[in-house]
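K.L.:
One-letter residues, chain by chain:
Number of protein chains: 2
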Amino acid sequence: MAEKKVTRQEDYATWYNDLVYKADLAEHSDVRGCMVIKPYGYAIWENMRDVLDAKFKETGHSNAYFPLFIPKSYLSKEAAHVDGFAKECAVVTHYRLKNAEDGSGVIVDPDAKLQEELIVRPTSETIIWNSYKNWIQSYRDLPILINQWANVVRWEMRTRLFLRTAEFLWQEGHTAHATKTEAIAEAEQMLDVYAEFAENYMAMPVLKGRKTASERFAGAEDTLCIEALMQDGKALQAGTSHFLGQNFAKAFEVKFADKEGKLDYVWATSWGVSTRLMGALIMTHSDDEGLVVPPALAPIQVVGVPIYRTEDELAQIDAKFQLLAQEFKAKGIRFKYDNDDNRRPGWKFAEYETKGVPVRLAMGPRDLENGKIEVARRDTKSKETLDFANLAVAIQALLQDIQQNLLQRAKDFRAANTHTIDTYDQFKIDIEKGGFFLAHWDGTPETEERVKQETKATIRCIPFDQAPEPGFCMVTGKPSVGRVVFAKAY
Amino acid sequence: MAEKKVTRQEDYATWYNDLVYKADLAEHSDVRGCMVIKPYGYAIWENMRDVLDAKFKETGHSNAYFPLFIPKSYLSKEAAHVDGFAKECAVVTHYRLKNAEDGSGVIVDPDAKLQEELIVRPTSETIIWNSYKNWIQSYRDLPILINQWANVVRWEMRTRLFLRTAEFLWQEGHTAHATKTEAIAEAEQMLDVYAEFAENYMAMPVLKGRKTASERFAGAEDTLCIEALMQDGKALQAGTSHFLGQNFAKAFEVKFADKEGKLDYVWATSWGVSTRLMGALIMTHSDDEGLVVPPALAPIQVVGVPIYRTEDELAQIDAKFQLLAQEFKAKGIRFKYDNDDNRRPGWKFAEYETKGVPVRLAMGPRDLENGKIEVARRDTKSKETLDFANLAVAIQALLQDIQQNLLQRAKDFRAANTHTIDTYDQFKIDIEKGGFFLAHWDGTPETEERVKQETKATIRCIPFDQAPEPGFCMVTGKPSVGRVVFAKAY
Chain A
265 MAEKKVTRQE
275 DYATWYNDLV
285 YKADLAEHSD
295 VRGCMVIKPY
305 GYAIWENMRD
315 VLDAKFKETG
325 HSNAYFPLFI
335 PKSYLSKEAA
345 HVDGFAKECA
355 VVTHYRLKNA
365 EDGSGVIVDP
375 DAKLQEELIV
385 RPTSETIIWN
395 SYKNWIQSYR
405 DLPILINQWA
415 NVVRWEMRTR
425 LFLRTAEFLW
435 QEGHTAHATK
445 TEAIAEAEQM
455 LDVYAEFAEN
465 YMAMPVLKGR
475 KTASERFAGA
485 EDTLCIEALM
495 QDGKALQAGT
505 SHFLGQNFAK
515 AFEVKFADKE
525 GKLDYVWATS
535 WGVSTRLMGA
545 LIMTHSDDEG
555 LVVPPALAPI
565 QVVGVPIYRT
575 EDELAQIDAK
585 FQLLAQEFKA
595 KGIRFKYDND
605 DNRRPGWKFA
615 EYETKGVPVR
625 LAMGPRDLEN
635 GKIEVARRDT
645 KSKETLDFAN
655 LAVAIQALLQ
665 DIQQNLLQRA
675 KDFRAANTHT
685 IDTYDQFKID
695 IEKGGFFLAH
705 WDGTPETEER
715 VKQETKATIR
725 CIPFDQAPEP
735 GFCMVTGKPS
745 VGRVVFAKAY
Chain B
265 MAEKKVTRQE
275 DYATWYNDLV
285 YKADLAEHSD
295 VRGCMVIKPY
305 GYAIWENMRD
315 VLDAKFKETG
325 HSNAYFPLFI
335 PKSYLSKEAA
345 HVDGFAKECA
355 VVTHYRLKNA
365 EDGSGVIVDP
375 DAKLQEELIV
385 RPTSETIIWN
395 SYKNWIQSYR
405 DLPILINQWA
415 NVVRWEMRTR
425 LFLRTAEFLW
435 QEGHTAHATK
445 TEAIAEAEQM
455 LDVYAEFAEN
465 YMAMPVLKGR
475 KTASERFAGA
485 EDTLCIEALM
495 QDGKALQAGT
505 SHFLGQNFAK
515 AFEVKFADKE
525 GKLDYVWATS
535 WGVSTRLMGA
545 LIMTHSDDEG
555 LVVPPALAPI
565 QVVGVPIYRT
575 EDELAQIDAK
585 FQLLAQEFKA
595 KGIRFKYDND
605 DNRRPGWKFA
615 EYETKGVPVR
625 LAMGPRDLEN
635 GKIEVARRDT
645 KSKETLDFAN
655 LAVAIQALLQ
665 DIQQNLLQRA
675 KDFRAANTHT
685 IDTYDQFKID
695 IEKGGFFLAH
705 WDGTPETEER
715 VKQETKATIR
725 CIPFDQAPEP
735 GFCMVTGKPS
745 VGRVVFAKAY
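These protein sequence lines are chains A and B, in that order.
Counting in the working numbering, the first sequence runs from 265 upward without gaps.
Counting in the working numbering, the second sequence runs from 265 upward without gaps.
Treat the hints loosely; a few may be bogus.
One copy or any two copies: either way a pair holds, since identical chains are not told apart in the list.
[As the list claims (entries may be wrong)] Derived lysine-lysine pairs resembling PhoX-like cross-links, with alpha carbons at most 20 Å apart: (1) Lys-321 x Lys-600; (2) Lys-593 x Lys-319; (3) Lys-397 x Lys-519; (4) Lys-319 x Lys-600; (5) Lys-697 x Lys-675; (6) Lys-675 x Lys-523; (7) Lys-341 x Lys-362.
Keep in mind the hints are simulated off the structure, nothing from the lab.
These numbers were taken from a predicted model, which means no experiment stands behind them.
Given these sequences and hints, build the entire structure.
P.N.:
Printed below as a string of structure tokens:
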């Protein structure tokens with residue numbers, strides 16, 4: 265509690281890392297690049313997962329599970345895909361250890377070498393399409409609408425908790441369709457699901473758009489994305505939905521007979537969000553005191569802390585809080601009562617502030633006598649005193665208000681940090697301040713690459729929600745059909 | 265539908281494998297030993313997982329997530345543990361692929377060799393205790409009650425869908441305690457959770473007991489287990505709960521200061537159930553027509569099938585089923601209405617029978633006129649005609665009855681196939697018929713091993729629920745303090 269906290273202003277990266285540790289969300293493991301997600305962090309992820317899972321099911325998807333291992337040859341079947349993933353994968357080459365003959369410990373048994381190496385899945389298109397091949401014969405077998413919750417591994421060299429780790433948790437949807445139109449509609453639908461989740465649960469506004477060709481998923485014909493703006497002015501790609509065309513169907517020879525019996529390759533999508541969303545959540549709302557969690561995803565929405573000197577006082581306050589707990593439960597409010605006698609109220613206040621619990625209740629003997637309770641909100645740090653009567657209703661309204669306030673604050677921040685810009689000279693100066701920059705681009709990968717080299721900014725997306733506005737590329741002066749969004753990104 | 269189904273009598277192993285395929289539960293993947301869990305199979309697993317997860321949380325546990333990879337040296341820190349798991353593990357040795365110089369495809373990049381090999385977790389005691397080391401200083405940090413839902417890999421040479429696969433899904437609880445008594449109580453509590461789940465949800469009676477020393481988990485001081493009896497007379501270990509003593513705390517140097525400041529090693533448990541439970545569920549209840557799923561775990565509890573000739577008839581039946589669907593939903597009954605016009609009723613009847621849907625409703629124009637519906641139950645294959653009035657209530661009661669009946673049937677089967685036996689000669693004959701055999705054993709691993717070598721039967725457990733009964737070992741005639749349970753096992 266007395267520890268000095270590094271502020272966002274002082275050192276954003278350190279602030280982030282410290283916060284993840286202090287709020288007990290996750291920590292680095294001794295295994296290079298892999299994190300341990302601690303119970304409190306995992307509880308937030310579980311809430312995210314449960315909401316998303318329900319949305320996937322509402323839109324007709326089922327969960328399934330495919331193998332962790334992908335034979336090396338499968339990865340190679342789709343040319344762009346292997347280029348994108350071969351450079352950063354964990355390779356299983358043996359299937360046994362044995363005792364070293366010199367007694368020095370266990371060693372890899374050279375006699376247990378696999379004939380074909382297995383890759384720990386970085387994503388599952390190849391292993392899944394290898395199965396779909398056997399599941400699809402005719403249009404009657406389509407669509408296939410499957411999602412998988414799984415761990416994946418990408419051998420990242422520079423890792424940051426939640427944002428970029430060698431192993432991470434995610435969901436990956438993989439669908440198969442009879443027509444191009446249907447597959448595109450699916451990819452768009454799932455992007456909408458993600459955007460709706462980001463706004464209404466994470467209280468995080470996102471831009472919807474498509475990636476440029478050079479930023480596409482390896483193997484996709486079109487990559488749709490949601491992009492959020494973090495408090496340090498950097499963009500974060502929060503979810504992607506890919507229209508894969510017939511690329512994987514061709515790589516794995518997956519054809520179907522239509523109603524007339526004509527054979528054609530199957531159309532595909534894939535879409536995913538990961539534990540990276542935890543990083544986005546943290547960096548959208550948290551402050552120098554610690555985590556701020558939107559009520560919709562908070563494992564603990566309301567915490568109650570008794571203020572007392574004697575055991576008798578505590579007993580009376582306990583009794584009142586037990587009654588309140590029942591009222592909260594009836595309203596579906598996730599409430600925790602912390603009457604741990606080993607910790608002082610001040611310690612608890614600091615603890616739940618660090619952990620981002622949206623509402624804190626405190627009650628002392630005087631409050632109890634007066635039928636009042638102190639209510640502190642985490643987002644604005646304001647306090648008020650409320651009557652016991654109808655407290656649960658008031659708290660419910662307060663939680664909704666906090667949820668709305670967080671979204672509005674994030675929207676305001678984004679609006680204040682979104683700029684329209686027309687000259688490259690000015691862009692090079694302003695981009696250093698962070699934010700989204702709406703600028704004209706000539707549509708060539710060469711210009712995109714030049715901007716990246718010179719400023720480290722990338723095109724985050726070609727946004728959907730934008731009136732057509734012809735203009736001239738800020739770099740080359742060549743014609744442009746509309747503005748794209750540049751930013752530095754995580 | 266016209267395919268000949270292999271019966272249990274003809275060939276139990278083929279019956280099982282065919283059933284898993286025909287009921288669309290899972291299939292072998294092209295990756296050696298790894299299965300694909302298909303949506304219908306996964307939906308049953310999800311139901312199991314959700315029930316168990318709620319029970320773990322009710323008993324004070326939280327979920328977390330630890331790395332997939334375990335450094336080879338960690339596995340070696342607990343001597344018995346490495347002996348138990350080194351022989352069957354997937355070893356990651358490299359972290360990159362590259363294009364072969366001869367253009368023949370991608371190969372493992374020899375420059376990307378790991379300094380220390382990583383093992384894909386076969387179980388997570390070592391990686392978790394390596395974390396707990398940093399989490400535990402004093403008694404105030406205890407107990408730690410954590411569970412993880414994860415995939416694990418054990419390189420099994422002979423695999424069978426759900427029962428034994430190289431990769432499987434499971435949960436693993438890992439707890440840390442200040443006292444031996446508390447750790448033992450935890451291990452016992454979780455065994456009770458498993459047993460209660462097996463009986464009340466899977467409708468599968470289980471024997472609770474402890475393993476003999478030679479059957480213990482590698483690294484445990486005591487392994488408690490639940491054992492079920494399959495229809496072919498073989499036993500199946502359905503869940504285990506281990507008292508680990510201070511073995512892992514010693515291996516990873518995890519000490520805590522008690523209230524007096526005295527340092528001691530921490531006490532541990534671990535406990536787990538896996539997708540193997542799917543195999544147990546299938547083999548406890550299913551019959552020659554296909555899967556039988558207890559209502560408590562059925563993804564679809566009730567299916568409705570319209571019988572019609574004209575579109576007009578269908579429209580009327582549809583309307584009635586929509587109303588019934590609302591009534592069912594209000595009662596929390598998982599109902600599916602299948603009015604797919606591409607399939608005939610007979611095909612649907614066979615399909616849902618194969619998939620083990622507990623109750624099938626069929627309604628034709630005449631039924632509609634008479635306000636009646638045909639209700640068929642999967643377990644007994646009996647049919648009755650019920651009135652529309654209060655149908656949801658009647659169906660709810662029927663589902664409960666089916667659940668009870670399945671449990672009773674399994675109990676009766678087990679009772680009929682549990683034998684008390686006193687001579688080894690008779691044992692050698694009777695064991696071939698299958699079943700549980702209660703026999704005296706002298707308590708030595710030598711006798712246990714001899715029985716295994718000569719009959720392939722093992723001691724499944726030393727059962728808890730048994731009056732003390734001194735006697736003489738059926739093999740050696742030496743004294744015995746009570747009977748143990750022998751069986752051939754999966």
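K.L.:
Hint by hint, which ones does this structure get wrong, listed from lowest number up?
P.N.:
6
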